[in-house]
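Student: Residue strings, one per chain:
Number of protein chains: 2
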Amino acid sequence: MTQKITTGWFISLFTIVGACLGLIWTVFIGDGEPLIASLGLSGIAFSASYCLIVWLGDSFKRVGLKGKDISKADRRELPETMGAVCAVVYLMCMIVFLPFAFYEYFVILTSGGGNRDATSEVETGRLLHRFPHNKLGEYLSAILSLQSMVILGVADDLFDIRWRHKIFLPVIAAIPMLMVYYVDFGVTNIVVPTGLREYLGTALLDLSWGYYLYMAAIAIFCPNSINILAGINGIEVSQSIVIGSFIAINDLLYISVGGHPATDSHLFSLYFLLPFLGVSLALWWHNWYPSKVFVGDTYCYFAGMTFAVVGILGHFSKTLLLLFIPQIINFIYSAPQLFRLVPCPRHRLPRFNARSGLMEPSRAPFTRPPRWYIALILDMLEKLRLVQVWRNKEGVILEFSNLTLINLWIVTFGPMREDKATMGLMGLQIACSIIGLLVRHKAALLVFPHDNLSI
Amino acid sequence: MTQKITTGWFISLFTIVGACLGLIWTVFIGDGEPLIASLGLSGIAFSASYCLIVWLGDSFKRVGLKGKDISKADRRELPETMGAVCAVVYLMCMIVFLPFAFYEYFVILTSGGGNRDATSEVETGRLLHRFPHNKLGEYLSAILSLQSMVILGVADDLFDIRWRHKIFLPVIAAIPMLMVYYVDFGVTNIVVPTGLREYLGTALLDLSWGYYLYMAAIAIFCPNSINILAGINGIEVSQSIVIGSFIAINDLLYISVGGHPATDSHLFSLYFLLPFLGVSLALWWHNWYPSKVFVGDTYCYFAGMTFAVVGILGHFSKTLLLLFIPQIINFIYSAPQLFRLVPCPRHRLPRFNARSGLMEPSRAPFTRPPRWYIALILDMLEKLRLVQVWRNKEGVILEFSNLTLINLWIVTFGPMREDKATMGLMGLQIACSIIGLLVRHKAALLVFPHDNLSI
Chain W
1 MTQKITTGWF
11 ISLFTIVGAC
21 LGLIWTVFIG
31 DGEPLIASLG
41 LSGIAFSASY
51 CLIVWLGDSF
61 KRVGLKGKDI
71 SKADRRELPE
81 TMGAVCAVVY
91 LMCMIVFLPF
101 AFYEYFVILT
111 SGGGNRDATS
121 EVETGRLLHR
131 FPHNKLGEYL
141 SAILSLQSMV
151 ILGVADDLFD
161 IRWRHKIFLP
171 VIAAIPMLMV
181 YYVDFGVTNI
191 VVPTGLREYL
201 GTALLDLSWG
211 YYLYMAAIAI
221 FCPNSINILA
231 GINGIEVSQS
241 IVIGSFIAIN
251 DLLYISVGGH
261 PATDSHLFSL
271 YFLLPFLGVS
281 LALWWHNWYP
291 SKVFVGDTYC
301 YFAGMTFAVV
311 GILGHFSKTL
321 LLLFIPQIIN
331 FIYSAPQLFR
341 LVPCPRHRLP
351 RFNARSGLME
361 PSRAPFTRPP
371 RWYIALILDM
381 LEKLRLVQVW
391 RNKEGVILEF
401 SNLTLINLWI
411 VTFGPMREDK
421 ATMGLMGLQI
431 ACSIIGLLVR
441 HKAALLVFPH
451 DNLSI
Chain R
1 MTQKITTGWF
11 ISLFTIVGAC
21 LGLIWTVFIG
31 DGEPLIASLG
41 LSGIAFSASY
51 CLIVWLGDSF
61 KRVGLKGKDI
71 SKADRRELPE
81 TMGAVCAVVY
91 LMCMIVFLPF
101 AFYEYFVILT
111 SGGGNRDATS
121 EVETGRLLHR
131 FPHNKLGEYL
141 SAILSLQSMV
151 ILGVADDLFD
161 IRWRHKIFLP
171 VIAAIPMLMV
181 YYVDFGVTNI
191 VVPTGLREYL
201 GTALLDLSWG
211 YYLYMAAIAI
221 FCPNSINILA
231 GINGIEVSQS
241 IVIGSFIAIN
251 DLLYISVGGH
261 PATDSHLFSL
271 YFLLPFLGVS
281 LALWWHNWYP
291 SKVFVGDTYC
301 YFAGMTFAVV
311 GILGHFSKTL
321 LLLFIPQIIN
331 FIYSAPQLFR
341 LVPCPRHRLP
351 RFNARSGLME
361 PSRAPFTRPP
371 RWYIALILDM
381 LEKLRLVQVW
391 RNKEGVILEF
401 SNLTLINLWI
411 VTFGPMREDK
421 ATMGLMGLQI
431 ACSIIGLLVR
441 HKAALLVFPH
451 DNLSI
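Note that the protein sequences, when read in sequence, are chains W and R. Under the UniProt record's numbering, the residue at position 381 of the first sequence is numbered 381, and the numbers go up by one with no gaps. Under the UniProt record's numbering, the residue at position 314 of the second sequence is numbered 314, and the numbers go up by one with no gaps.
Any copy, or any two copies together, can satisfy a pair, since identical chains are not distinguished.
Only pairs whose alpha carbons sit at most 20 Å apart, straight line, appear in this in silico SDA-like list of lysine to any residue:
#1 K166 to V96
#2 K166 to C344
#3 K442 to V191
#4 K61 to F159
It is worth saying that the hints were derived from the structure and are not from the lab.
Sequences and hints are given; from them, build the entire structure.
Tutor: As structure tokens, then:
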């Protein structure tokens, strides 16, 4: 079943590319606003990803990057790892955007003389003083971290690296970014909440090396947490689009405050998020229920790392975590299985009931009766309606619903079609994100002396 | 046929890793000489690559990255794209090396107070002034270009991108490097040879944009020229090791001159070449006749781009080209086939004669009789013994030996075993490299006023 691009889509995509090229053209003739160029490139990245995903589907299947959609009656085979296509388009887009991001510094350089020859003698000296090498370093290290993550993600999709190894892959990818953080900022202080100040005796606590561990933990958490809230059509991309959009909204909040000292950090964040949203939307189109392609671990790693990069280099890692509430809940809820306190099957996605066409909670079986305290905890969780449990006639627990947020959603609201589950969870993600941003900008004043949005 | 690592090799590799860890340890307790750390990491990279190539062989074959060795009697199937393993080990090594390369700047920072808290107030300011952000940018952009090249190389190996598209892949990968060249140096002048000065009326010629085209051309030439001097066991890695070693020798020449202004550039080059030689030697071991693995286009791109990166950012691109003489000859000799002036079969590697066990020149057939001027040129080349031609009874040319340096070698010296051909061509490569370096440091004085090795 080869996919095709319809004539209508072709016309739409051509229109988008045309409009985007127009946008980029205004950058060349105008004052070179990088954000406009970023917007234009994001549109082109969307169109390119849309087409490439369609065109490359068969090639991916041919080289074995394919998987069965087990939650459909026909269990058809779909191309896998399509996130790699998006990621490569994204990275190329970021590389092409490089000169735009630093356009203004080139303009300063050549606007004086117009003729390059005339300025060539002072050029080197001037350039070295004016050019923001630290920003360039930040930008390059961010792309480098993302690219490393993509390489490791593709390796994972190709070779199925073991869980206990692959959760640490992001740390390697994060080294360039952490290194640049060290030399550019080196700030390892955190602001102590007002309530704790009298106990700690300081308003700023220096975490020293602990801060780097904290950042490495964020780099591990973001990609992996997206990777474990997965398994039904469209959920990986949808949650990434929601999180990315809310980070972008937060960025725009800061940029809209004229002359805010954090404007640069948030512009930097937008430069990385706009093309990300572009390629993700294209992927979403093909990955939404019923999926025509799968995204692969590559996409989850790539998306998570993008958020980690902008959060860390943009200095809003705490805000970032406020947008990961469903992922944090899913991680905590999954922990007993992840750490093997209870049995954990290889795949925990909900079970497809072919007769009803609905998704039901999938079950993890006990190979031998659970210990008394585990049975007790499962009993309690069952009473709280946080898990479903199946017993034999003697009342011994045989199976329990897998501990994932997706299963919990289905346990709570009953069997439902796959896309309804994704939509419900996305509603939850959006609601949590709105609450997260409100907490950040309103409730934060309760524990911190000021919200840094107001200068 | 699964490969295994012998006990002897295990012991050797453990010894190498132990010694290298010792070397790196001396860096921590001593004054932090990055070159020592680079040497240590290169040894570890060698050992890691050696093992990973053995361990991952079967996984690569399982996902379809495999190819038949058609120049052997048993045409056995070997893992392909093993260059990707080396490249990933190399890139990780370069990322881990990052802090070592800039170690001295960290030492300045913390040696004053010892206690980080004591220096934390002045830290940001101090750091921003002292830290060589331009060098960090150079380093990061170089890794980024290499990594982009590796991603595109793997995509090529997986999906067999068409020739006319793939020769331009290195340009995309080169953008970060060219961009950093622009902001860091921006020097687009070339020194005019003394003989031409009176005609051009200047000693320094500003090529302006032309210089960027020149650098892009080098970035295209190096990877592709290695990729077309390929096809017999071990030749891709062997030529890369020879070229890499001679660049390193040239670097050492500069570094040995105490206080030479170009010391930093050549140290930079060594940092990139030592781990490259490490991973390449490991690959060579498995790829030498009779090959147990194939290197894939990925390796050729990766190797070529490494040379392009160090040549461009180290400002010795002309010297670099002097080490590519066999590749340049091969390219010129191949040009009639590459540009389709004469027929060009998909694969041009020499033909294996199963009876004699020797390699013979492979032939390109004319589907219709060649035009008179092409026949005339082939006649002339035949008289000069630069091509072998096969005719029908009427004397019309039916076939000619494929225009590659490898075929030419076999045409000249007669059928020979595969490894003899590789060894012969490597002898040629070494001889040309020695002549190249002599030209650079001795003969250059005939056309340029001074050799910049003497300060």
